[in-house]
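Whole structure, please, built from the sequences with the hints as guidance.
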Amino acid sequence: MIDFPGAVLSESFGETTADVEPSGWADALRHARDQGFTFFDWLTGVDDPPDGFSVVAHVFDPESFAHLLIRTRVPRADPRLPSATGVYRGANWHERETYEMFGVIFEGHPDLKPLLLPDGFEGHPLRKDFVLAARVAKVWPGAKEPGESGHGAPSRRKMAPPGVPADWGKDA
Numbered sequence: 245m246i247d248f249p250g251a252v253l254s255e256s257f258g259e260t261t262a263d264v265e266p267s268g269w270a271d272a273l274r275h276a277r278d279q280g281f282t283f284f285d286w287l288t289g290v291d292d293p294p295d296g297f298s299v300v301a302h303v304f305d306p307e308s309f310a311h312l313l314i315r316t317r318v319p320r321a322d323p324r325l326p327s328a329t330g331v332y333r334g335a336n337w338h339e340r341e342t343y344e345m346f347g348v349i350f351e352g353h354p355d356l357k358p359l360l361l362p363d364g365f366e367g368h369p370l371r372k373d374f375v376l377a378a379r380v381a382k383v384w385p386g387a388k389e390p391g392e393s394g395h396g397a398p399s400r401r402k403m404a405p406p407g408v409p410a411d412w413g414k415d416a
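Everything in the sequence shown is counted per our numbering, starting at 245 for the first residue and increasing by one.
Calculated directly from the structure, the hints in this document are not laboratory data.
Among the hints, erroneous ones may be present.
Ranges between beta-carbon positions, derived for each pair [stated by the list, open to error]:
hint, residue 1, residue 2, range
1, G280, L360, 28 to 34 Å
2, L360, P293, 30 to 36 Å
3, V290, G352, 19 to 25 Å
4, W286, D373, 22 to 28 Å
5, E366, W286, 24 to 30 Å
6, G280, L376, 41 to 47 Å
7, S267, P293, 21 to 27 Å
8, D271, I349, 15 to 21 Å
Bear in mind the structure is a predicted one, so any value in this text is a computation, not a measurement.
Cβ atoms here follow ideal geometry from the backbone N, Cα and C, with glycine treated the same way.
Have a look at this one:
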């Protein structure tokens, strides 16, 4: 097991996970880097309603071939973490993506602006409460069930995707 002060450590499938408080996020990443985890692999968010989001970073020690997941939770009402770009330069792109897709704000990030979505896009599409309006406005082209393609009688009552208001798509 890895020496990691201030974290709750667990191990599964040969990989260690360090759960830290949001206030210790940057310190945990710095400590991991100083312990030999010099390769920053990825960082992402996980929507975990109703409480908030988990933010997870994977780092690697190329000398010992050890993997480490560093994980924290931020509240849905104010999802903020200190930026990891001062510790790992490779975190820049990942933090921008996590900000855009989940709405987690990385304080101190040098250029926290949208990365993937078109200008003017509203909302955070990887949040579980985000309504996928395109599924309502346009019929799914991969019809598999009788009636979905417009030929023959439907096999079951059509239902809207989860979270879509009942009156959406009536005129589509």
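Going down the list of hints, with the structure as the test:
1. G280 - L360: 28 to 34 Å: 32 Å, holds
2. L360 - P293: 30 to 36 Å: 23 Å, violated
3. V290 - G352: 19 to 25 Å: 22 Å, holds
4. W286 - D373: 22 to 28 Å: 24 Å, holds
5. E366 - W286: 24 to 30 Å: Holds: the Cβ-Cβ distance is about 26 Å, inside 24 to 30 Å.
6. G280 - L376: 41 to 47 Å: 42 Å, holds
7. S267 - P293: 21 to 27 Å: 23 Å, holds
8. D271 - I349: 15 to 21 Å: The hint (15 to 21 Å, Cβ to Cβ) holds, given that D271 and I349 are roughly 19 Å apart.
Hint 2 from the earlier list is the only one contradicted by this structure; the remaining hints agree with it.
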